[in-house]
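Peer 1: Please work from the sequences and hints to get the whole structure.
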Amino acid sequence: MPLSVEFIGEALAWAVKIVALPIIFLPLAAMLAGRNRPMATAIWTSACLGAAVLGGVFSWLAVDLPTPRNPVALAGWAAATGIITVFAGLRFGPLRAADQLERAFAMLVSKTASFIKWGVAIMAITQFTAVLLRYVFSVNSIFVQESVVYVHGAVFILSAGYALLTDDHVRVDIFYRDAEPKRRALINLLGAYIFLFPFCLLILWTSSPYVASSWAVFEGSTEQSGIQGIFLLKSLLPLLSLGLAAAGFVTAHRAAGVLTERARP
Amino acid sequence: MTDGFCLCAAAGWLDLAMVATLCVALLAGYPAAFSLAGVAILFSLIGLAAGVFDPGFLKPLPQRLFGSITNQTLIAVPMFILMGVILEKAKIAEELLDEMAKLFGSMRGGLGFSVTVVGALLAASTGIVGATVVTMGLLSLPTMLRRGYDPGFAAGSIAAAGTLGQIIPPSIVLILLGDVISNAYQKAQLEQGVFAPETVSVGDLFAGALIPGLTLVALYIAWQAWVAATAPNKAPAIPAEEIGDRSEAWRGALRTLPAPLALIIGVLGSILAGIATPTEAASVGAIGALLIAGSRIKTDGGAFISQRTIVFASAASLVLLLLLAARADLRLEAGAGATKTVLIAIAALFSVTAFSGVAVSARALFAGGVLGEILDQTARVTTMVFTILMGAALFSLVFRGLGGDETVRAALEATPGGLVGAIAVVMLVMFVLGFFLDFIEITFVVVPLVGPPLLAMGVDPVWLGVMMAINLQTSFLTPPFGFALFYLRGVAPESVRTIEIYRGVIPFIGIQIIMLGLLALAPSLATWLPDLIYG
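Sequence lines, in order, name chains A and B.
Residue 1 is where the first sequence starts when you use the working numbering, and the numbers rise one by one after that.
Residue 1 is where the second sequence starts when you use the working numbering, and the numbers rise one by one after that.
Heads up, some of the hints might be wrong.
EDC-like, lysine to aspartate or glutamate: derived pairs with alpha carbons at most 16 Å apart [as the list claims (entries may be wrong)]:
no. : chain 1 : residue 1 : chain 2 : residue 2
1   : A       : K111      : B       : D376
2   : A       : K111      : B       : E373
3   : B       : K89       : B       : E373
4   : B       : K91       : B       : D531
5   : B       : K187      : B       : E198
6   : B       : K234      : B       : D98
Simulated from the structure, these hints should not be mistaken for lab results.
Peer 2: Next up, the structure:
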């Protein structure tokens, strides 16, 4: 099978299962066991496997969900997760790995945002140009009009994670405002695991088929003279999920650091 | 049945439990967008386990999320935010406040008037939480206190004026509300079997909010004048000798005021007149704000043509371009006559001049180091708004899947007092929610739920939107939870006691309630102008 959309989709799904999922649990393991490498690794591996098993059991119990039927794939997932976490955990140590990933993700998220923020200027100028073209020269360009949508989408989706790092997402801060740093850290840690990461996974899970079917036909604009890149625009959804998850990782790990009073490097 | 246990009995209550859990989760203080989404996921899982939630309800999620990217109306939001951030960062808001204070300062209560007027003028920039309250609290409050204003009166004026921007068009809040109400209106009509539904636009809501908004401004000023007249020690005049030359004050005001005023009137006017869509007008507003900033910021001298000259030439050529386009046919087409070709060439020249002004202004802001900051802040606020939209989309889907829509509808229909009772309950609930939630969350979560049933009962959508907006504005002013008060407390000097702030806003809350009452008794205050303009 050549590089078909299905194949790429399947590969990406596996990447999420055996790489992204374990990474999400890294701050938790690092927090619970600190520098104790074998202990941290054990916690990490069991958290990943536990989550997978819980998910499996849940989908088996819930009548309305499709039951996972392919035991080979399930076993493969479990085995791969186990091998990867045990190997990576013992080799690098969850705490050190989390520290380094935190820095890398924070860098990635803020670099992306500081690049994409120029889109705001581009969007305003493009829209302004469209206005001049329309009202002065009576030229209606669908291409120009649609490009504003593309830039707008890219700007707000790719800076969503960054806004998490800069704490710009609105909080109801009646109690949060006066809370101790440790209490705030606890809220941020729990919030990341109970609210944020599931949201990211849900976006990824529901948008994958949606985006894949768009890629399969290289879906374009409904307008003849529009931008033939709806599949790219739709791809912003999984990127939203990844960006938020990366930023969530950073906030979770930092919160864990506050909670355990770890000396920051 | 695989469910069993106690979950069955609880299943019918899951929608209510979901709302209760959301309240608790939000109060914990995790970002609202993700709390909305996370609680929704949690309850979809519980619903799945209990066998009462059909996962098919999550099917439309990617389409909804994608819809928030491609929503044409909401593209106006980042551009209005950009306009506001430019006006703020280029210190134009500060200058306005300063010049107005000099102009009105020699009157009793004059500083109060200037705060109210600037608050109303900065509407576009302030839809998002407390920006004006903070700006004015930092700039005006110390001045007012130094000039011997009563702390409560000063604080009340600032808090009230700071929230005023939310309901005076073109505010971001009204754009969001307009979009949501428009969807709710469509839905209400479709459910009643109207297959060629009437529409309501953001422009309608702008027009509807204009008269009530300006009435509020007038009432605020009237109250301030009353206080200044009856208790001169609460709002004393600045002695004439301290304020300096009167003509100097007028010259200053003439220098600062016309450009932002013309910009706001132009933006609002073009939307109300139906010439431009909100998005188009917003982009002109952002570019206009950029030009104003470019004309104010000083950069290195010695250039061949000064920056200011280019910016003024640019603004002038934009105006000329508009006049030209209104007078002459400039459509680009093959085989145009000589006159037309010349005219088009002139128009093209004007366009180039206009863009060079934009470029020069952007360069000036860049050299001053604020351009990056402006874009950064715009991106962050924009993503905040749209992330809440996405979280709320998920919340609504799950809530609907758990039967929440039906519960809300049944509750509203069972409210004693019929339509009036239902509206009163909704307003009361929104008022209380306003203590905890931001305008954005309430707009995206509550309005889609209560909107369709109310509109199906025959409520006018524009009137409903304006009522909601003023109601929420009142809520943000009300102690002890009002948002505006928190923001003001955060920037007010320690010497101003919290209780004084509370006491100071009470008259303004009274004014708000009077306005709500007027609007309830005479809905035409909101509906007359849109009917007049759009027929």
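Peer 1: Let me make sure I understand: some of the numbered hints might not hold for this structure. Which ones are they, in numerical order?
Peer 2: Hints 4 and 6 contradicted; others consistent.
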